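S.K.: As given, the protein sequences belong to chains A and B, one line each in that order.
Heads up: the first sequence begins at 1 in UniProt numbering, then just goes up one per residue.
Heads up: the second sequence begins at 1 in UniProt numbering, then just goes up one per residue.
It is possible that some hints are incorrect.
[To be verified] Cross-link-like lysine-lysine pairs, in silico, BS3-like; alpha carbons within 27 angstroms at most:
hint : chain 1 : residue 1 : chain 2 : residue 2
1    : A       : K145      : B       : K714
2    : B       : K730      : A       : K197
3    : B       : K84       : B       : K101
4    : B       : K369      : B       : K399
5    : B       : K500      : B       : K369
6    : A       : K49       : A       : K126
7    : A       : K225      : B       : K711
8    : B       : K707      : B       : K312
9    : B       : K416      : B       : K378
10   : A       : K173      : B       : K714
11   : B       : K715      : B       : K378
12   : B       : K74       : B       : K101
13   : A       : K145      : B       : K687
14   : A       : K197      : B       : K714
15   : A       : K126      : B       : K730
16   : A       : K197      : B       : K436
17   : B       : K669      : A       : K145
18   : A       : K228      : B       : K711
[To be verified] Label-pair ranges, simulated between beta-carbon atoms:
hint : chain 1 : residue 1 : chain 2 : residue 2 : range
19   : A       : R143      : B       : K545      : 50 to 58 angstroms
20   : A       : K83       : B       : V739      : 24 to 32 angstroms
21   : B       : Y518      : A       : D129      : 51 to 59 angstroms
It is worth saying that the hints were derived from the structure and are not from the lab.
Computed from a predicted structure; not experimentally measured.
From the three backbone atoms N, C-alpha and C, an ideal C-beta is built for every residue, glycine too.
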Amino acid sequence: MPRATSKRKAPSSTSASVTASDVGSTRPGKKGKKEVDKIGSLFDVYANKTLDMIDPEGIVSLCSHLGVDHTDVRILILAWKMKAEKQGYFSREEWRRGLKDLNADTIAKLKKALPGLEKELISTPKFEDFYAFAFQYCLTEDRQKSVDIETICELLNLVLGPKYCSQVDLLIKYLKVQSEYRALNADQWRHFYRFCKEISFPDLEDYDSDQAWPVIIDNFVEWMKDNKHS
Amino acid sequence: MGSKVIEFNEGWDYLQRGITKLKKILDGTPDAQFSSEEYMMIYTTIYNMSTQISPNYSQQLYEKYGEALKEYIKSTVLPSIAEKHGEFMLRELVKRWANHKVMVTWLSRFFNYLDRWFVSSKSLPRLSEAGLVCFREHVYQEVNSNAVACVIDLIDKEREGSQIDRALLKNVVDMFVEVGMGQMEAYEMDFEAEMLADSGEHYSRKAASWILEDSCPDYMVKAEECLRMEKERASHYLHSSSEQKLIEKVQHELLVVHAHQLLDKEHSGCRALIRGDKVEDLSRMFRLYHNLPKGLEPVANVFKQHVADEGKALVQQAEDAASNQQGLNGAGAEVGLVLVRKILELHDKYMGYVNGCFMNHSVFHKALKEAFEVFCNKSVAGSSSAELLAGFSDNILKKGSSEKLSDEAIEETLEKVITLLAYYSDRDLYAEFCRKKLARRLLFDRSGNQDHENSFLTKLKQQCGGQFTSKMQAMVTDMTLTKDMQTNFEQYLGSNPNIKPGIDLSVVVLKTGCWPSYKSSDLNLPEEIVKCVEAFKGFYDTQAKRRKLSWIYSLGTCNLVGKFEPKPMELVVSTYQAALLLLFNDTDRLSFSEISTQLNLTNEDLVRLLHSLSCAKYKILIKEPNTKTVQADDNFVFNYKFTDKMRKIRIPLPPIVDEKKKVTEDVEKERKYAIDAALVRIMKSRKVLSHQKLVMECVEMLQRMFKPDIKAIKKRIEDLITRDYLERDKEDSNMFKYVA
């Protein structure tokens, strides 16, 4: 996840192993109530007591228990599942929402659910929703409407990279080279996905600049065409 | 009538004799004619034979009628035609046709009773009709192709110059028409089609040889003549419906098939004619081609190309001249003026063509417009075309203009400038330059004539709309208001002599907003001038209590008297220069830094200032060391020995500001606002609109002022989306919605 802190703290890991051994001790019927509690107590394991939220540090340790890097896309997908609002933080409500949806109340279950997360995004409407979320999640300031280029590049790599690797590589290259835009808005972000999905690559034959593509994509296409000759 | 029954053979015998007599009449036997008795008898016989109840011979009589005609045709008519050829055959045919008509008339009269009742009861053709059919089937079908060939042959002979019997041809053609009995099929299919095909071939051959041998004008003359002749031919002996078809055929062979070869002829084709001013030939070309579908397009294209090339050459000339003179300042500005004047002349010349030999046709207006748009927008030596045009109109409007035109000529020229403006895409840039130059004219009293200024603004308003000219008009008005203000100021001084500053002061008050913005620095004014400023301030407070004055010393002028040894001289200088010179009232010598401290100007301004007084034409100050440019460690000494043959001289201070850049930047900014406003206006009224339509309407809305860049529009749309004025439709990325 971008912008997460890189500090790692050991203390929380001991409590994680405690929770792990609790797997399987629930009875059917009473599942609902006990699970919620378990989710709640799992939350407490990572949460910052004063804030009553899982803060960046907590997330880092969560990640290490899950065996994923904190910049892994699966954490972003998890955040999406939770409908997390603030980057780097999970609220209790969000945590509950996410874990309940995944049917996970322990770290082990959560770990097992991770591959499923990526599979879920194969469905296009879900992916679109996730894609839009990824951008919104980066808007940290109040009334902030655009995200800086550096972050956009990382995000593109993370979110679109796996599926549209060649497009993303070139897009990122271009974004770093151009100087006209220093940050991009949601509308432009949205169109990157549309571009990858709809336009044949790398020939770009069906791209029509008379359509309502954002100027940055027009410029990218021009740059591609110019550089083909070099 | 009697009740005697007439036997068929008996009756027919009688009738036969009548028919024989009729044939004699037709053959031209003298003295052969029917008496009225004879006629009556024949008629009655038939009547009886067809009314008697039994045996009723109506049917047989009807048949006999046809047989009689047929028999005559076979025995007499056909052989007489067959034994003749060519023109003689045609004559015979015409004669026989006339005869046949007479015969049918007579016989119809005889057998008339049948027509009245028998014919309709049996749904048979009427006698006259049957008679014509008879001719058609037995004569016409046999001879028509021969006849057609003969006629065409004669037509071709006439085309080669022989005299032919036109009346004969008319008669033959009429026969073709009549034989159709109301339908034009016979004429069209049997005759006309052949005639047209033959005509086509004839002219195809002619054209093929003429196009190789003749020059374009000569060919056109021949073509025009051929068309005239064919038209005449058609009116003399063809059916009226053929005229159009014949003309089209001939036009096709002569003008369409070889159009390119003709128009592109190297030394005499369209291009050459335009270059050679061959107005008459061009008029002919127009006449010939304007009725053909898209016929004028190639001509218009050549015209457009030619005009565009001439225009581009003028621009190149100017570019070359400018690079020889290194830029367009000072003497180089002349290049710009010359260019615009030449472009105006070019426009006059070719508009003359459009109105004259091209008969004001819209295709040529369009061609001229497009040609001018090609080169009018080119910049020369770094100056945009808008700036050059503004320079030209400035020159016309200012006092002591290099053009030296009469009032009428000025009005006319200004009118032409505005007409030319229609071809420039950056009209807003032009207007902005005009505004800057107008300000200079007004403030430095360089304007030639108030009436011309006003009329120019009116014309500009008509062309580009009010938003340009409203500021300029306000500026002109300001000058009038300021004169009144000055009068009041002088009265005020008169009634308050103690405030009098001792120097004559005139002030021009400008209304902020409509005048260009001017920078002014915090110049340390000499005391004398400070007194003036205070006096005016006091006065102004009485006039307009809540208004604030900002003083722009950079635009002021001072008249100083320099007490030089040879003779005192009047110096007309800018306020800045005056401030500098007055420093030397206290001392003879000052260093750069001393001056800098005392005047409080930027180094850049100071260098400029000192340069104008020590390194330029008039050396009021002596610079030490005597190098060409002013350096920060120089010293300056008052030049007591300075003199000039004039009593009064003006020492100019050239402005530093590269007007160009600022104007262009200002206009760019204005354009962004204009595009925003247009987009919002459009979306507000349409609510939902596709991207392409939005861009199109935006361009249209703004085109009076400038040609918006599509990318710029797209960017403004994106900006409006970010600012929540517009949003994209969720389903269709290409549609925009207005956000209320």
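S.K.: Are the hints correct? Go through all of them and say.
M.R.: Verification of the hints:
With a C-alpha separation of about 19 angstroms, the suggested pairing of K145/A with K714/B holds against the 27 angstroms cut-off. For the hint pairing K730/B with K197/A, the CA-to-CA distance comes to about 16 angstroms; that is within 27 angstroms, so the pair holds. For the given pair, K84/B sits about 21 angstroms from K101/B by alpha-carbon distance, which is consistent with the 27 angstroms threshold. For the suggested pair K369/B and K399/B, the alpha carbons sit about 33 angstroms apart, so the restraint of at most 27 angstroms is broken.
For a cut-off of 27 angstroms, the pair hint linking K500/B to K369/B is broken: about 61 angstroms separates their Cα positions. Between K49/A and K126/A, the direct Cα distance comes to roughly 34 angstroms. Violation of the 27 angstroms bound is thereby established for this hinted pair. Taking the CA atoms of K225/A and K711/B, the gap is near 17 angstroms; set against the 27 angstroms cutoff, the hint holds. Restraint check for K707/B and K312/B: satisfied, since their Cα atoms lie roughly 21 angstroms apart, inside the 27 angstroms limit.
With a C-alpha separation of about 19 angstroms, the suggested pair K416/B and K378/B falls inside the 27 angstroms cut-off, and the hint holds. Distance restraint check for K173/A and K714/B: the Cα-Cα separation of roughly 23 angstroms lies within the 27 angstroms cut-off, and the hinted pair is therefore satisfied. The suggested pairing of K715/B with K378/B holds, with an alpha-carbon distance near 26 angstroms, which does not exceed 27 angstroms. Using a Cα cut-off of 27 angstroms, the hinted pair K74/B and K101/B holds, with the two alpha carbons roughly 16 angstroms apart.
Restraint check for K145/A and K687/B: satisfied, since their Cα atoms lie roughly 24 angstroms apart, inside the 27 angstroms limit. Proximity of K197/A to K714/B is assessed by CA-CA distance (about 22 angstroms); at most 27 angstroms being required, the pair is judged to hold. A hinted pair counts as satisfied when its Cα atoms are at most 27 angstroms apart, and K126/A with K730/B qualifies at roughly 15 angstroms. Proposed proximity of K197/A and K436/B is contradicted: the alpha carbons are some 52 angstroms apart, above 27 angstroms.
Taking the CA atoms of K669/B and K145/A, the gap is about 24 angstroms. The hint holds against a cut of 27 angstroms. Distance hint between K228/A and K711/B is fulfilled; the C-alpha atoms sit about 22 angstroms from each other, no more than 27 angstroms. For R143/A paired with K545/B, a C-beta distance near 43 angstroms fails the hint of 50 to 58 angstroms. About 25 angstroms separates the C-beta atoms of K83/A and V739/B, a value consistent with the hinted range of 24 to 32 angstroms.
The given range of 51 to 59 angstroms is respected by Y518/B and D129/A, whose C-beta atoms sit roughly 57 angstroms from each other.
The structure fails hints 4, 5, 6, 16, 19 (numbered hints given earlier, in ascending order).
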